Each structure stands twice: as C-alpha cells, then as structure tokens.
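**Student:** Chain by chain, the residues:
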Amino acid sequence: MSINRRNFFKVLGVTGATLAVEKKVQGSTNSNEDVEFYGILYDSTRCVGCQTCEFSCAEANNLPEPEDYPEIGVIRKTNESRRTVVNAFDTSKGEVYVKRQCMHCNSPACASACLTQAMHKTNEGPVIWRGDKCMGCRYCMVSCPFDVPKFEYQSPNPKITKCDMCFSRQQEEKVPACVENCPAEALMFGTRRELLQEAHKRIAENPDLYVNHIYGENEAGGTSFLYLSPVPFEELGFNTSLQQDSYPALSKGFLYSVPSIFVLWPIMLLGIHKATKNNSPKNDEDE
Amino acid sequence: MNKAESIVLNDNSSIKNRWKFLRNEFRPKGKMFTWFNVISVPVILVGLVIIVIRFWKGIGSVTNLTQEVPWGLWIGFDVVTGVAFAGGAYVITFMVYILNLKKYHSIVRVTVLNGFLAYVFYAGALLLDLGRPWNVINPIIGNGFGTSSVLFLVAWHFLLYMIAQLIEFSPAIAEWLGASRARKILSGMTLGAVIFGITLSTLHQSGLGALYLMAKEKIHPLWYSEFIPILFFVSSIFAGLSMVIFEGSISRKVFSDQISAKNHKAHSVIVHNLSKICAMAMFAYFFLQILVFVHGKRWNYLGTPMGNWYLVEMLGFVFLPMVIYFVSYRNKNITWIKVASVITMLGIIINRLNVTVIGFRWDAATHYIPSWMEIVVTLTVLFTEIWIFRWVINRMPVLRESPAWVGENH
Ligand code: SF4
Ligand code: SF4
Chain A
438 MSINRRNFFK VLGVTGATLA VEKKVQGSTN SNEDVEFYGI LYDSTRCVGC
488 QTCEFSCAEA NNLPEPEDYP EIGVIRKTNE SRRTVVNAFD TSKGEVYVKR
538 QCMHCNSPAC ASACLTQAMH KTNEGPVIWR GDKCMGCRYC MVSCPFDVPK
588 FEYQSPNPKI TKCDMCFSRQ QEEKVPACVE NCPAEALMFG TRRELLQEAH
638 KRIAENPDLY VNHIYGENEA GGTSFLYLSP VPFEELGFNT SLQQDSYPAL
688 SKGFLYSVPS IFVLWPIMLL GIHKATKNNS PKNDEDE
Chain B
66 MNKAESIVLN DNSSIKNRWK FLRNEFRPKG KMFTWFNVIS VPVILVGLVI
116 IVIRFWKGIG SVTNLTQEVP WGLWIGFDVV TGVAFAGGAY VITFMVYILN
166 LKKYHSIVRV TVLNGFLAYV FYAGALLLDL GRPWNVINPI IGNGFGTSSV
216 LFLVAWHFLL YMIAQLIEFS PAIAEWLGAS RARKILSGMT LGAVIFGITL
266 STLHQSGLGA LYLMAKEKIH PLWYSEFIPI LFFVSSIFAG LSMVIFEGSI
316 SRKVFSDQIS AKNHKAHSVI VHNLSKICAM AMFAYFFLQI LVFVHGKRWN
366 YLGTPMGNWY LVEMLGFVFL PMVIYFVSYR NKNITWIKVA SVITMLGIII
416 NRLNVTVIGF RWDAATHYIP SWMEIVVTLT VLFTEIWIFR WVINRMPVLR
466 ESPAWVGENH
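Just so you know, the protein sequences line up as chains A and B, in that order.
Residues in the first sequence are numbered consecutively from 438, following this note's numbering.
Residues in the second sequence are numbered consecutively from 66, following this note's numbering.
These are computed hints drawn from the structure, not numbers from a lab.
Just so you know, not all the hints are guaranteed correct.
Stated by the list, open to error - Straight-line Cα separation of at most 35 Å, DSBU-like style, residue types lysine-lysine; simulated pairs: (1) Lys122/B / Lys596/A; (2) Lys514/A / Lys281/B; (3) Lys711/A / Lys403/B; (4) Lys714/A / Lys397/B; (5) Lys514/A / Lys122/B; (6) Lys168/B / Lys714/A; (7) Lys689/A / Lys596/A; (8) Lys714/A / Lys341/B; (9) Lys714/A / Lys327/B; (10) Lys281/B / Lys689/A; (11) Lys362/B / Lys514/A; (12) Lys638/A / Lys281/B; (13) Lys167/B / Lys711/A; (14) Lys167/B / Lys397/B; (15) Lys689/A / Lys362/B; (16) Lys711/A / Lys341/B; (17) Lys330/B / Lys318/B; (18) Lys327/B / Lys711/A; (19) Lys281/B / Lys596/A; (20) Lys341/B / Lys327/B; (21) Lys530/A / Lys281/B; (22) Lys397/B / Lys711/A; (23) Lys403/B / Lys714/A; (24) Lys94/B / Lys318/B; (25) Lys330/B / Lys714/A; (26) Lys327/B / Lys94/B; (27) Lys249/B / Lys711/A; (28) Lys167/B / Lys714/A; (29) Lys168/B / Lys711/A; (30) Lys318/B / Lys167/B; (31) Lys570/A / Lys122/B; (32) Lys570/A / Lys281/B; (33) Lys714/A / Lys249/B; (34) Lys714/A / Lys318/B; (35) Lys711/A / Lys330/B.
As the list claims (entries may be wrong) - Residues on chain A that point at chain B, a partial pick, calculated with CB under 10 Å: (36) Gly568; (37) Lys587; (38) Pro593; (39) Asn676; (40) Pro685.
All values reported here derive from a predicted model rather than from experimental measurement.
Glycine included, each C-beta is placed from N, C-alpha and C at the ideal position.
Take the sequences, apply the hints, and build the full model.
**Tutor:** As structure tokens, this is what we get:
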C-alpha cells in the first residue's frame with residue numbers, strides 16, 4: 438500500500454517536474470529519499486574530547502562558555518544555555534568521546550508537532566526554530582525522541598533553544614562553527630548523501646576500527662547528523678531501540694482519519710436525527 | 066428575579082429599563098459566607114498572585130517542570146482530564162437532539178453550560194502554560210498553519226467547539242435578556258451547532274490522546290499504544306456522563322429552589338438511565354483495554370510496581386465502578402449510582418494522569434511532582450469556573466423552566 442503510494446507520488450513528481458523547475462520540486466519533497474539535505478558526519482574515533490566544538494558553538498550563538506569538561510561516569514546534558522556537549526564513555530575499546538546535539542531528523546517529530554511551524558525543517562537540512570511564530574507550548578519537547586529542544590523556564594519571554602546547524606552561517610556559505618573549528622577533523626559537513634558515502638567508505642576501509650553501523654542512517658527515519666563509532670552505540674549512551682520509521686508517521690493514521698470523519702459524521706448524525714424524529718411521542722420543533 | 070423579568074417583559078424595551086435590569090443582575094446574590102466561598106476566595110487570591118509571578122519571572126519560577134517533562138499538571142489535569150469531563154455535553158446533546166430522546170431534555174442546558182465553561186477555563190489554563198502566549202493566535206491567523214500537528218487540530222477544535230457550545234446555550238441567554246426574536250433565530254441554529262459540536266468532540270477527545278502518539282518511548286508501555294485516541298474517546302463518554310450524574314446531584318441540592326417539582330422527579334429517572342449507558346460504555350472500554358493489553362503483549366510488566374498500579378486502575382477504577390453502575394441500575398439504587406460516578410471520575414483522573422504525568426518518563430532518575438503553586442493555580446481555575454457557573458445558574462433559565470413567553474413549545 439505504502440509502496441504504491443510512493444510510486445504514485447513519484448509519477449506525480451515526474452509529471453510535475455516537466456511542468457515546474459526541477460530543482461524546486463526536489464526541494465519541496467520532504468521525504469527520506471532523494472533529498473539533498475546538508476548534514477554533519479561525526480566520527481567518534483577521531484574525536485579527542487577537546488571541547489572546541491562546545492566553545493565555538495557558545496561563541497557563535499552568544500552563549501556562556503562551558504565550565505565543566507567530559508568525564509567518564511558523568512552525563513552532561515544540553516540545556517537552554519548550551520546546545521552541544523561532549524561526553525566521555527568507558528567502553529570495551531577504552532575511552533571514547535561523543536558529541537551530542539540536535540540530530541536534524543529528515544522527518545522531524547518536533548516540526549510535525551509544532552502547530553505554528555515555528556520548528557521547521559529547512560530545505561537545506563537544518564531544523565530551525567522561529568521565535569516570531571512559536572507560542573511556547575513545548576509540544577516539540579514532548580515529541581522529540583532525542584529530548585533535544587530546551588525551554589527557558591526562568592524567563593518571562595522564553596525561547597526554545599537547540600542546535601540549528603548554524604543555519605545563518607550556512608546562508609552565508611559558511612560551514613557550522615563546530616565543523617570549522619574541530620582540530621581533529623572529527624566533524625565533516627556535506628550533503629547527506631556524500632556523508633553516507635564517506636561513512637560507508639571509512640567502515641569498509643577500516644572494518645576493525647568501526648562497528649558496522651552508522652547511527653542516524655535509519656534511526657527515527659534517518660537524520661542529517663550521522664555518527665561513526667568504534668563500539669556498539671549502546672555503549673555510548675545512544676538509544677538504539679528507536680524506531681526506524683519517522684516519528685511523524687505515528688500520528689499520521691489519526692490525522693488521515695480526520696477529513697473522513699468530518700464528512701461522514703455530520704451526514705450520519707443528520708440521518709439518525711431524521712430517522713428518530715418521528716419516534717418520539719412529543720415532537721418538539723426547535724431546541 | 067421575577068421583578069427583573071417583569072421589567073423586561075413590560076417590553077417597551079426602553080434602554081433605561083434594560084440597563085437597570087443588567088445592573089441589577091450583575092450584583093451578587095445569595096449569602097456571602099457559604100463554605101464554598103470561604104474556601105474558594107482565599108485560594109483564588111493566592112492563585113492570582115502566583116499567576117502574576119508566573120508572567121513576571123517565567124514558568125519555571127512556579128512550576129516543577131523540567132526539560133524532560135515539559136507538560137505537567139496544568140496540561141495533564143486541567144486540559145486533558147478537564148476536557149474528558151466536559152464530554153458530557155456532546156453525549157447528552159447527541160441523545161437529545163440526534164436520538165431525539167426527549168426525556169433527557171431537562172439536563173441539556175446545564176450540561177452544555179458546564180461543558181462550555183470547562184472549555185473556556187481550560188483553554189484559559191492553557192494560556193498560563195504557554196511560554197509565549199502572545200503568539201497564541203498564530204495558528205489561527207496563519208502565521209504558520211502546522212497542519213501536520215495534532216495540537217493544531219486540537220487548538221482549532223477547542224475554538225470552534227466553544228463557539229458551537231455558545232450557540233447551543235445561547236437561547237438561555239436570550240431568554241434571560243428577554244430577547245424573543247434573537248431567541249428564535251438562535252434556537253433555530255441549535256441542531257446545526259449540535260451536529261458540528263459532536264463531530265468536533267469525537268475528533269478532539271481522541272485528539273487529546275493522539276497528542277501523545279509521538280512520545281512513544283517516553284510513556285510507560287502499559288499506557289502507550291497506537292490506540293490511545295480510541296481509548297480516550299470511549300472513556301470520554303462515561304467520564305462526561307459520570308460528571309453529569311455527579312454535578313446533577315450537587316446542583317439539585319445547592320440550587321433546589323431553581324428546579325421544578327416535575328424536573329426533580331425526572332432527574333432520578335435520568336440518573337437511573339444514564340447509569341446503564343455508563344455501564345455499557347465502560348464495558349466497551351474495559352474490553353478494548355483487554356484487547357490492547359493482549360495485542361501489546363504486556364504480560365511481562367504485570368509483576369512490576371507500574372504493573373500493579375495498572376491493575377489498580379483497571380480493576381479498581383474501571384471494572385469496579387462498571388459493576389456498581391450495572392448492579393445499581395438493576396436495583397434502581399440512586400445512591401450507589403452516585404458512588405459509582407465518583408469512583409469513575411477518580412479513575413478518569415488516574416488514567417489521564419498516568420498517560421500524561423505519572424507514566425510519562427516513568428523511568429527518569431528524578432520524577433516530576435507538581436509544586437504546590439501548580440496545584441493552587443489548578444484549584445483557582447476550578448473555583449473560578451464554579452463561581453461563574455453559579456452566577457449563570459442564578460440568573461439564566463438553566464435549571465429552572467424557561468420564562469412563560471417562550472411558550473409551550475420550548
Ligand atoms: S532531534 Fe529532535 S529537535 Fe532535532 S530535528 Fe529531530 S525531532 Fe527535532
Ligand atoms: S514550543 Fe514553539 S516550536 Fe515548540 S511546538 Fe510549541 S510552538 Fe512549536
């Protein structure tokens with residue numbers, strides 16, 4: 438069924454492409470495949486835990502500099518004043534660092550949850566937040582499977598904060614601040630397709646170094662932030678039981694049923710009303 | 066009261082008379098020192114102070130919400146539970162206007178009023194919970210139509226349903242003001258509003274459950290399933306009706322002067338019949354829950370503390386009141402029907418909180434427990450609603466009969 442639908446849309450898309458500018462049609466497709474989202478590949482075998490990404494993120498977003506550092510046994514979390522953190526893990530292959538931030542899902546739960554489209558998956562790939570639209574309902578936080586969006590609980594004019602992959606820098610043709618400054622080249626910026634190719638290449642060339650799993654290739658329907666690791670991802674605090682389907686798919690069924698109920702219910706109700714009208718002994722006109 | 070009515074009915078409808086009537090009506094009536102007033106007034110005052118602090122210093126200054134648990138008591142209780150209780154309005158209007166079961170007619174107005182006020186106040190409570198409430202109109206004016214959002218649907222439905230309920234209730238307002246022409250037009254719109262309102266209710270009662278569909282890993286598996294929307298919808302039927310039974314038994318005491326002898330008698334018959342509908346709806350719900358349980362292969366959870374809590378909810382607060390409803394329907398025992406309604410309502414509170422608060426992030430290291438200030442604000446919302454409810458009941462023909470000029474055919 439879903440395959441049929443997909444084919445149907447492909448046909449539609451091809452027809453559309455002959456009519457419209459091809460690039461535009463591609464850009465507006467928001468599905469998993471065939472989209473040239475930009476993303477970041479993070480290779481934890483290269484990361485040295487120096488926190489340069491944290492510092493450059495703070496600088497780029499006018500946030501306070503981090504005062505703690507990665508430590509085994511301590512899980513540092515992102516919060517309203519830091520959008521990325523590096524944590525250290527004691528694994529079967531020794532100490533490994535992991536940078537965490539928004540995953541920039543291909544089909545993000547946060548954006549589909551947002552009733553004002555303040556959370557928005559840009560055609561370029563970054564998932565951004567727009568303060569002029571947001572009403573601060575925090576439904577994005579409820580829905581994000583990675584618990585990424587944070588809320589400024591202590592402010593009368595609170596913002597939702599999270600990594601936006603330096604969207605404004607990208608608009609100026611610059612790469613995200615963390616990528617630019619990483620001294621160990623653990624971060625790589627590019628289109629998701631290029632990054633996946635690169636990741637597969639690294640695994641193939643060095644099968645002893647990496648586990649054969651790119652976190653983010655399929656998790657939550659695929660993400661624009663991709664991870665390589667020397668050890669199974671559970672050891673690095675990743676949730677590996679996340680579903681492979683996108684999260685918005687979970688409420689699709691409900692939302693699809695809405696229009697039909699809107700059409701069927703009134704007709705049915707009116708029908709019952711007419712049918713039962715004469716049954717009642719006292720037949721009141723109005724009310 | 067009668068004097069006021071006659072002023073209007075003299076109906077040279079001079080503006081001055083109307084003005085006098087309204088001024089008179091807005092004056093407080095009744096005793097000042099009832100136990101309800103003595104409790105509610107201080108709570109409301111403290112609540113208002115807390116609300117000021119909340120807008121001044123941020124939501125975090127009065128609530129215990131965290132980054133992991135962004136929705137607490139104000140959403141889980143005020144909105145999600147409150148709307149379930151307000152479900153009586155769509156069920157009763159369905160029975161009266163769609164099934165044409167006229168015997169329930171005498172409780173339509175009070176139920177619709179209750180529903181309407183519930184929505185107004187819970188939508189109000191929602192505003193308190195919004196971090197950036199000045200943007201609340203964005204999804205209405207189209208500064209972002211988030212059509213893929215369940216919350217978008219729910220928000221629109223709240224708004225539209227409030228309008229539908231206002232139309233359903235408006236004849237009572239027209240009767241109060243002695244506006245007979247307006248009354249005629251407005252009551253002509255009732256059927257349309259009812260049909261629209263039932264459709265909206267079906268969708269947003271289930272929609273409140275659907276809100277949590279994306280929080281798949283965050284809700285305890287005993288309470289998460291793809292069927293939450295259906296479970297929420299079915300349970301809203303008996304939640305609403307239990308509220309009707311409960312509210313009716315209180316209103317009958319408090320406002321006994323408003324109710325005619327005829328309706329007094331009719332009320333017992335109504336309660337008796339409602340208990341059967343409750344029992345049936347609860348049976349369907351219980352059966353659905355068993356299906357979901359088996360379908361989700363949930364046996365493994367039963368030994369755990371959360372599993373025991375689940376059994377308490379299902380057996381103690383669904384199965385038990387269902388049996389009480391059923392047995393006391395058989396025995397025509399109104400007192401036990403009321404007992405069942407109270408247990409059922411407690412069960413609904415437990416169920417909604419289990420999904421939204423207790424089972425949400427049940428595995429987190431630190432649990433969210435509402436602050437006393439969140440509780441006081443919740444009570445403030447509730448008490449203010451009751452104040453308004455009482456104000457309306459004492460003035461408009463809600464419990465009492467419509468004024469004579471409405472005629473037989475009312
Ligand atoms: S990780 Fe969360 S916040 Fe980031 S895009 Fe995905 S759903 Fe949105
Ligand atoms: S808090 Fe803001 S960004 Fe998040 S879902 Fe609500 S309106 Fe959208």
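**Student:** Within 35 Å, alpha carbon to alpha carbon, are lysine 362/B and lysine 514/A?
**Tutor:** 34 Å, holds
**Student:** Does lysine 514/A pair with lysine 122/B here, judged by a C-alpha cut-off of 35 Å?
**Tutor:** Given pair lysine 514/A, lysine 122/B holds - Cα atoms ~24 Å apart, limit 35 Å.
**Student:** For the pair supplied as a hint, lysine 714/A and lysine 327/B, is the alpha-carbon distance within the 35 Å limit?
**Tutor:** Measuring from Cα to Cα gives roughly 24 Å; hence the hint holds.
**Student:** Lysine 122/B and lysine 596/A: Cα distance at most 35 Å?
**Tutor:** OK: lysine 122/B and lysine 596/A at ~14 Å, within 35 Å.
**Student:** Could you grab the alpha-carbon distance between lysine 341/B and lysine 327/B and see if it respects the 35 Å cut-off?
**Tutor:** 22 Å, holds
**Student:** Mind checking the alpha carbons of lysine 530/A and lysine 281/B for me, to see if they're no more than 35 Å apart?
**Tutor:** 32 Å, holds
**Student:** Between the alpha carbons of lysine 570/A and lysine 281/B, is the straight-line distance 35 Å or under?
**Tutor:** 26 Å, holds
**Student:** Between the alpha carbons of lysine 714/A and lysine 341/B, is the straight-line distance 35 Å or under?
**Tutor:** 23 Å, holds
**Student:** Is the Cα-Cα distance between lysine 330/B and lysine 714/A 35 Å or less?
**Tutor:** Cα-Cα ~25 Å, so holds.
**Student:** Do the alpha carbons of lysine 638/A and lysine 281/B lie within 35 Å of each other, as the hint requires?
**Tutor:** Holds: lysine 638/A and lysine 281/B sit about 34 Å apart, inside 35 Å.
**Student:** Just to be careful, I want the Cα atoms of lysine 403/B and lysine 714/A compared with a cutoff of 35 Å; is the pair within it?
**Tutor:** 31 Å, holds
**Student:** CA of lysine 167/B to CA of lysine 711/A, is that 35 Å or under?
**Tutor:** 14 Å, holds
When held up to the earlier numbered hints, the structure conflicts with none and fits them all.
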